[in-house]
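*Asks:* Taken in order, these protein sequences are the chains called Z and B.
Following this note's numbering, the numbering of the first sequence begins with 14 at its first residue and continues without gaps.
Following this note's numbering, the numbering of the second sequence begins with 14 at its first residue and continues without gaps.
Hints were generated in silico from the structure; no laboratory data involved.
Just to be clear, a hint being listed does not mean it is correct.
[Unchecked claim] Among the chain B residues that face chain Z by a calculated CB cut under 10 Å, a handful are:
1) ALA40
2) GLU41
3) LYS43
4) ALA45
5) CYS47
6) ARG48
7) GLY84
8) ASP87
9) LYS90
10) VAL158
11) HIS164
12) GLU172
13) ILE178
14) GLY191
15) ASN262
[To be verified] Some chain B residues well away from chain Z (every beta-carbon gap over 12 Å; in silico):
16) LEU37
17) ASN98
18) SER111
19) PRO117
20) ASN142
21) HIS181
22) ARG246
23) GLY306
If you're wondering where the values come from, they're calculated on a predicted model, not measured in any experiment.
C-beta atoms are modelled at their ideal positions from N, C-alpha and C, and glycine is treated no differently.
Protein chains: 2
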Amino acid sequence: MKIGIDLGGTTVSMGVVDDNYKILAEAEFKTADCRTPEQLSSIVIDGTKKLLEDNGISKEKITFIGMGCPGEIDTEKGIAVAADNLPIEKIPFAKMLSETFGAPAKLDNDANCAAWGEHMAGVSKGYKNVVTVTLGTGIGGGIIVDGKLLHGKENHAGEIGHMVIDIHGKRCGCGRIGCWETVASTRALIKEVEHQARYAPNSRLGKLIAANGSHANGKTLFIAMSEEDNMARSIFNDWIRSLEVGMWNVINIFRPDMIVISGGISKEGENLLAPLRHAVGKCSTLIRAGRLGGNAGLIGAAALDEMNI
Amino acid sequence: MKIGIDLGGTTVSMGVVDDNYKILAEAEFKTADCRTPEQLSSIVIDGTKKLLEDNGISKEKITFIGMGCPGEIDTEKGIAVAADNLPIEKIPFAKMLSETFGAPAKLDNDANCAAWGEHMAGVSKGYKNVVTVTLGTGIGGGIIVDGKLLHGKENHAGEIGHMVIDIHGKRCGCGRIGCWETVASTRALIKEVEHQARYAPNSRLGKLIAANGSHANGKTLFIAMSEEDNMARSIFNDWIRSLEVGMWNVINIFRPDMIVISGGISKEGENLLAPLRHAVGKCSTLIRAGRLGGNAGLIGAAALDEMNI
């Protein structure tokens, strides 16, 4: 049995998996209120201990612990270096986990873990060259070349959301102009939906947003489209075009066996994928939605021991 | 001793190299007038025979023949499938070369061979993750990950020149809009120089172009800049900005150890590299000019046997 831990800005989830990456036990704890590295470490370590105790699993049965973290990671030393939304200051998680549970431990980037999870136990299993595109607040990337995660210098590879596609476009949080995620992330879509709906408050889309306290979410647009709102369709088509341009950049650079779309919006399934495939057109690269949903990161972390780096 | 062959739209060059990739003998033949696959095959095979004869090298001494081709390649079967500027229709070059010279033979894409040459015997030797950017009529790419060339499905990886950076920009020959090569290739720069100079015929740049039959070439702009022509500097700065945007895309995606700039314009050396490095800013990826010049493809072809694929 192995442990996978997926650390995020609001929660940390951890699970015990068997050799086939079936989740045998799972737990989740809040991280949003953490103010110090010590608090955060306690939540991760004590939470994982509690997971084992609550499920009557002795730590002798654990053969490996893997952990996915946001932000900057030193994979070699197993240290979480820094992150935007968590009080991380060089936390040696691998050492802490290894000493606590008496098994080897590894750390990697959260986007990499999600990509690795889908590769080891999900939709891209069996494919050697895969790029996972995670749509959310930004656009994250996990790149698998020849069956291995591409880390790059200082683990900085995979920042596909900061690929500029619109040199005269909007300023991105990273400081550059026209990054893919400024137009094609889920957040960019929601902002655009809210912005456009102000011009047409009596449209179906406008009313849905008004009924939700002037806010849209990842589903609003799809609901309006299902009710044949033409403005919603038009906004969606523009967004798909932005998504497609970056997808083709990934295809032209890697021509991977598969691009996996993950992140919350991928739950829309064919409502999202069919128009996207249509926009991309004829191409030998498969385009699929992730199969592990929110568990991809946890499962990928538990599978980090299966990568030769 | 090994043979390397670099097939291009106007000439084919072939060389015999020793174990350290020093060129012992070299020859070049015209391919521009070839009209049939048979003519082209003869020039390659007979030219290589002649190279050995002229230099008194018996074919028994040859242990490997490698060849770089433009266009579509089947690396597995060693077949040149098709190309834009040459009469290639599924020519089984690897088989032909192997039978003629009694040694194993391999084929790969010309941009890949140039990248592999710099990696095996040039500026990027010893670095495991390297992207070679070839500036010319278009922008070609050769991507080395973990010491191996990235081929992608159907050998279509590495088309970095067709990475869209300006979604509202100019139509590219590939049919897409705003590809990197529409603004950052040497051809794009020359076209821009000719276009802008029309507005200022009395500038130093305008006069240089007028004296050259209304045409610019890769050197015109650098000459005008060396003579402190401000318009030339302004055009160059805009071009460097376009180049830098794509460079950062490559960095954000791969964060390679090194980006190698090759192609004719790389002969400008620090006149090109210093402003480019300045535009890129602080970054752990090294930016260097290729060291093998026009021989990179030939040497890389001769070294194809050293890649485990």
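*Asks:* Each of the hints needs a verdict: does it hold here or not?
*Replies:* Hint-by-hint comparison with the structure:
| no. | hint | verdict |
| --- | --- | --- |
| 1 | ALA40 | 34 Å, violated |
| 2 | GLU41 | 32 Å, violated |
| 3 | LYS43 | 32 Å, violated |
| 4 | ALA45 | 28 Å, violated |
| 5 | CYS47 | 29 Å, violated |
| 6 | ARG48 | 31 Å, violated |
| 7 | GLY84 | 15 Å, violated |
| 8 | ASP87 | 14 Å, violated |
| 9 | LYS90 | 17 Å, violated |
| 10 | VAL158 | 5 Å, holds |
| 11 | HIS164 | 8 Å, holds |
| 12 | GLU172 | 4 Å, holds |
| 13 | ILE178 | 5 Å, holds |
| 14 | GLY191 | 8 Å, holds |
| 15 | ASN262 | 5 Å, holds |
| 16 | LEU37 | 34 Å, holds |
| 17 | ASN98 | 20 Å, holds |
| 18 | SER111 | 26 Å, holds |
| 19 | PRO117 | 23 Å, holds |
| 20 | ASN142 | 7 Å, violated |
| 21 | HIS181 | 7 Å, violated |
| 22 | ARG246 | 20 Å, holds |
| 23 | GLY306 | 26 Å, holds |
When held up to the earlier numbered hints, the structure conflicts with 1, 2, 3, 4, 5, 6, 7, 8, 9, 20, 21 and fits the remainder.
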